[in-house]
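Chemist: Residue numbers (full-length UniProt numbering), protein chains in the order written: chain V, 1 to 380; chain S, 1 to 380.
A couple of the hints might just be wrong.
Intra- or inter-copy, both count: the list cannot distinguish identical chains.
Unchecked claim - Straight-line Cα separation of at most 25 Å, DMTMM-like style, residue types lysine to aspartate or glutamate; simulated pairs:
1. Lys143 with Glu222
2. Lys238 with Glu222
3. Lys313 with Glu121
4. Lys329 with Asp63
5. Lys335 with Glu60
6. Lys293 with Asp218
Hints are computed from structural coordinates only; laboratory data are not their basis.
Number of protein chains: 2
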Amino acid sequence: MKVKIQLNQLIEAVQDVMKAVSSRTTIPILTGIKMEVTYDGVHLTGSDSDISIERLIPVEEGDLVHIEVKQEGSVVLPARYFSEIVKKLPNDSVEIEVGERFETTLRSGASEFSLLGLDPEEYPRLPQIEENLVFEIQSDLLKAMIRQTVFAVSTSETRPILTGVNWTLTDGVLNCIATDSHRLAERKMPIDSQSEELSFQNVVIPGKSLNELSKILDENAEKVQIVVTNNQILFKAKNILLFSRLLDGNYPDTSKLIPSESKTTFVLKTKEFLQAIDRASLLAREGRNNVVKLATLDNQTIELSSNSPEIGKVFEHMIAEEIEGEELKISFNAKYVMEALKVMDCTEISILFTGAMRPFLIQPVSDDSIRQLILPVRTY
Amino acid sequence: MKVKIQLNQLIEAVQDVMKAVSSRTTIPILTGIKMEVTYDGVHLTGSDSDISIERLIPVEEGDLVHIEVKQEGSVVLPARYFSEIVKKLPNDSVEIEVGERFETTLRSGASEFSLLGLDPEEYPRLPQIEENLVFEIQSDLLKAMIRQTVFAVSTSETRPILTGVNWTLTDGVLNCIATDSHRLAERKMPIDSQSEELSFQNVVIPGKSLNELSKILDENAEKVQIVVTNNQILFKAKNILLFSRLLDGNYPDTSKLIPSESKTTFVLKTKEFLQAIDRASLLAREGRNNVVKLATLDNQTIELSSNSPEIGKVFEHMIAEEIEGEELKISFNAKYVMEALKVMDCTEISILFTGAMRPFLIQPVSDDSIRQLILPVRTY
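Just chain V, same shape as in the assembly (with noise of 0.2 Å):
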């Protein structure tokens, strides 16, 4: 193998699929990144077993050239080192050949690193996927259902089933729902697809893998593809391939978790009302449960307030853009409220609350493609 690269190309290659390379991994030869050189470019893959990157560098694109291959060939390098020192070569480009017992040689200009190589026989293959269940999806809308749902998973494995995402898909529509027990996020979408009748359901992806997808996509309109399989989701977007294992198990039915009517609606500003509560929780962190209360007065206001007997306490007052139904006394975690409404792409949020005792969900004003459903916290 012997390939000239231009580092800015590599750079960014290396740093997509380190997203998949864990310092933790008990497969000795996952510590490092597989590089294959072929006439088409220089594919390179890292996998934790769990995820799998791989990224194509192409020769060329448009009047750029990237790579002049001068040997095919392939060899696994250690990650870690490979990733620092091609962020410090001295030159524009790099010079990758592979020797005996495949001992790897990089030249930058007057710099020469040798790396002991391991054989890429002995790299794991990525899984084999049958494209049966192929969507699209514009990469930005992507990257923001993962964002909008993918804070609620579980952190603890005592359920691991709720560390992923449940993914849904009937009537044209993809469901993301996402909980751990203690709030529930829903980001619904419609997708564009040739096959009407393409459905899947209980296809729940764990929460780590979409948070480093989202990470290596762009922020553009093109499509990234989907393909779903019994135990496998693979996403393919430009000169990437991202593999991930699925979770097992049957995901909870929270269908009947989101209440359908409500006795209070409040509607707010989604900023106003998140540095308020940001502020009203300020006394009540660190060690402390995060409990702020909520009461509507008169006059549309409503009171946001905590106490903490060493500290101190704190009022809040804001005036609602509209107050409908019962008077209402709720406690909740400041936390579960913070981090639904810094995802609500919205100016105005609606609340709508069924009791101090039963959940209450925020979603935008004028549609429910994205619902945040809370529980309370007794106090009142």
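Let chain V serve as the given structure and place chain S on it in line with the hints.
Modeler: Below, chain S alone, put in the same frame as chain V:
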């Protein structure tokens, strides 16, 4: 006490005094910030008993009115909560009022905080300083002197005196020296002082104090007054006082460590050399010893190399601007050389060697106001 303060002024002042507040203090009242309101302005004090910082917010500056004093008085407020609250208040200003039992109300917009304050009489007094030994340095030069020496203090408590920077003033020249016994940083600067006969020695300032001082000083040409006493040093900048205790004990005599002759001298481009060492040490980091070998080759070339049996090896070649004297092979800890090079604010440096086993000296090409001495490592 009752006062209205512009928030931007308060936030900045609180950030400054917070640098002296430690969360791990054994004296409970020092987890607070003392606030004293007089018709001069608002005085804030933070202290961990080693360092104390007092910050004044003046009533007005130029045309700007920062403060409306309604009633003089003082209180001690919980530092961490107070500093988080002021950063998040909704209005441009905050009204602070102390009520019974030091319960303190902060009002800003529709936000009202009530904090349990403490009795300011219980807050330790700042040290009384006799102003016999006083001199001045420009703020930006003082920051540079700190940056160029403090990184070399010891982080180990086995010889506490080495955790400080040793300041001496003789013949109108301030000399600052830091060493952790593996390397030594020295910075000299002439002081324009009225009293030529001003002198002191063995004034050892804790590295931590100098780091905090550097953070709160502005990068400008305003003068900082420095007052030295037996066991305290006081820095007076605009609206700021920083008191630091001095370290007890005698700083070792370092004057004989610096070689007066050299057998091999290089002149090198600082940045190019720094980057080459950075790369040459990439395979020798983390648990390894950071050791890089340097050897002179023919044609004004120097070679940097390192070898990590399990990972690989690296060679860097670099054309020196000048090489004079004997051939040389020497090994050193790359971290020490890189840290020294990073504070050399000059494009070219000289390195003076007196043999592979003797300390070598890095300094600017045309002056010796900064000298960085580094002990080699035995490998060749």
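Chemist: For Lys238 vs Glu222, is the C-alpha pair at or below 25 Å within one copy, between two copies, both, or neither?
Modeler: within (8 Å within a copy, 55 Å between copies)
Chemist: Could you figure out if Lys329 and Asp63 sit no more than 25 Å apart (CA to CA) within one copy, between two copies, both or neither?
Modeler: Intra 64 Å, inter 47 Å, cutoff 25 Å: neither.
Chemist: Using 25 Å as the alpha-carbon threshold, which applies to Lys313 and Glu121: within, between, both, or neither?
Modeler: For Lys313 and Glu121, only the inter-copy Cα distance (24 Å) is at most 25 Å; the intra-copy one is 64 Å.
Chemist: First find the shortest C-alpha distance between Lys143 and Glu222 inside one copy, then the shortest across copies, and answer within, between, both or neither for a cut-off of 25 Å.
Modeler: within (12 Å within a copy, 49 Å between copies)
Chemist: How do Lys335 and Glu60 come out at 25 Å by Cα distance, when the copy is not named: within, between, both, or neither?
Modeler: For Lys335 and Glu60, neither the intra-copy (48 Å) nor the inter-copy (39 Å) Cα distance is at most 25 Å.
Chemist: Reference check for the pair Lys293 and Asp218, CA-CA at most 25 Å: within, between, both, or neither?
Modeler: neither (40 Å within a copy, 43 Å between copies)
When held up to the earlier numbered hints, the structure conflicts with 4, 5 and 6 and fits the remainder.
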